[in-house]
Amino acid sequence: DAGVTQSPTHLIKTRGQQVTLRCSPKSGHDTVSWYQQALGQEPQFIFQYYEEEERQRGNFPDRFSGHQFPNYSSELNVNALLLGDSALYLCASSLGSQNTEAFFGQGTRLTVV
Amino acid sequence: AQKITQTQPGMFVQEKEAVTLDCTYDTSDPSYGLFWYKQPSSGEMIFLIYQGSYDQQNATEGRYSLNFQKARKSANLVISASQLGDSAMYFCAMREVYNQGGKLIFGQGTELSVKP
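As you go down the protein sequences, you meet chains A and B in turn. Numbering of the first sequence is given in this note's numbering, commencing with residue 1 and proceeding in unit increments. Numbering of the second sequence is given in this note's numbering, commencing with residue 1001 and proceeding in unit increments.
What the hints contain is simulated information worked out from the structure, not anything from laboratory work. A hint or two may mislead.
[Claimed, not checked] Once the Cα atoms are required to be at most 20 Å apart in a straight line, the calculated SDA-like pairs of lysine to any residue come out as:
#	chain 1	residue 1	chain 2	residue 2
1	A	26	B	1043
2	B	1003	A	58
3	B	1003	A	100
4	B	1003	A	56
5	B	1070	B	1030
6	A	26	B	1044
7	B	1115	B	1040
[To be verified] Sample of chain A residues at the chain B side, in silico, Cβ under 7 Å:
#	residue
8	8
9	42
10	43
11	56
12	60
13	64
14	69
15	88
16	90
17	100
18	106
[What the hints assert, rightly or not] Rough simulated footprint, nothing fancy, chain A against chain B, three-plus residues with beta-carbon under 8 Å:
#	region
19	1056 to 1066
20	1105 to 1113
Yeah, the Cβ is synthetic: ideal placement off N, Cα and C, and Gly gets one too.
Sequences are here, hints too, so could you generate the full structure?
Right, dumping it as structure tokens:
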């Protein structure tokens, strides 16, 4: 039973570029949430997708957008990258938004230079 | 106001001893869940244990147990018989069912070092 998988694991981008991160949820899960974790900090909630719609959003600018596909996988897109976007991006999956389970992938480490 | 507070930035424990990592929370939501995660240097966030606000008994998962004191709004993680592989960052997180729509709110984390 595959857990949550994220790709790529590492990424280096130049300021101003755009990036797409991908997440496949754990088998049987239908809800995907994205978190940003800056170095030495706790994860911060970006947004959550359920039934292919953004259901909840944290305090992040519109440069951060996402998508959920019919197979429940999800993408996180960040436009006009800033140096401050350098972070570990974590994807979490669950069955519904209120479930007792919330499993994370291994994360994508994004470096903006 | 901080919703999840972990007051121990760093903790040391001797191998094979037990250790308690503190977590206090603040919520007015009657229904919430509390999670503990382990994050090694590789970055993956590993789920350890969950406690629901209506659960009558403290949650246990192998060497991990959660000391849930609802009136004091605390949810401390107890690791018994520490192992060298337990060295990592530990995060306490809360999910409020009604107020926050299910997103996880994390504490600042506690870095645990297990000494041989």
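Do the hints match the structure? See the list:
At most 20 Å may separate the alpha-carbon atoms for a hinted pair to count; residue 26 of chain A and residue 1043 of chain B meet this at roughly 18 Å. Note on residue 1003 of chain B and residue 58 of chain A: the hinted pairing holds, with a Cα-Cα distance of about 15 Å set against a maximum of 20 Å. Distance restraint check for residue 1003 of chain B and residue 100 of chain A: the Cα-Cα separation of roughly 19 Å lies within the 20 Å cut-off, and the hinted pair is therefore satisfied. With a CA separation close to 18 Å, the supplied pair residue 1003 of chain B and residue 56 of chain A stays within the 20 Å bound.
Taking the CA atoms of residue 1070 of chain B and residue 1030 of chain B, the gap is about 11 Å. The hint holds against a cut of 20 Å. A hinted pair counts as satisfied when its Cα atoms are at most 20 Å apart, and residue 26 of chain A with residue 1044 of chain B qualifies at roughly 15 Å. Among the hinted pairs, residue 1115 of chain B with residue 1040 of chain B is consistent with the structure: their alpha-carbon atoms are about 16 Å apart, no more than 20 Å. Because the smallest distance between the Cβ of residue 8 of chain A and any Cβ of chain B comes to about 13 Å, over 7 Å, the interface hint for this residue is violated.
Hint status for residue 42 of chain A: holds, given a least beta-carbon distance of 4 Å to chain B, under 7 Å. The interface hint given for residue 43 of chain A holds, since its Cβ lies 5 Å from the closest Cβ of chain B, which is under the 7 Å cut-off. Interface restraint check for residue 56 of chain A: the shortest CB-CB distance to chain B comes to about 5 Å, inside 7 Å, so the restraint holds. Below 7 Å, beta-carbon pairs count as interface contacts, and residue 60 of chain A has none with chain B, the closest being about 12 Å; its hint is therefore violated.
Look at residue 64 of chain A: its Cβ only gets to about 15 Å from chain B, farther than 7 Å, so that hint breaks. Because the closest C-beta pair between residue 69 of chain A and chain B is about 21 Å apart, greater than 7 Å, the hint is violated. Because the closest C-beta pair between residue 88 of chain A and chain B is about 5 Å apart, less than 7 Å, the hint holds. At its closest, the beta carbon of residue 90 of chain A sits 6 Å from a beta carbon of chain B; the interface hint therefore holds under the 7 Å criterion.
Taking 7 Å as the C-beta contact cut-off toward chain B, the hint placing residue 100 of chain A at the interface holds, the least distance being around 5 Å. For residue 106 of chain A, the interface hint holds, the least distance from its beta-carbon to any beta-carbon of chain B being 4 Å, beneath 7 Å. Requiring three or more residues with a Cβ within less than 8 Å of a Cβ of chain A, the coverage given for the region 1056 to 1066 of chain B is violated, as only 0 such residues are present. With 5 residues having a Cβ less than 8 Å from any Cβ of chain A, the region 1105 to 1113 of chain B passes the three-residue criterion, so the hint holds.
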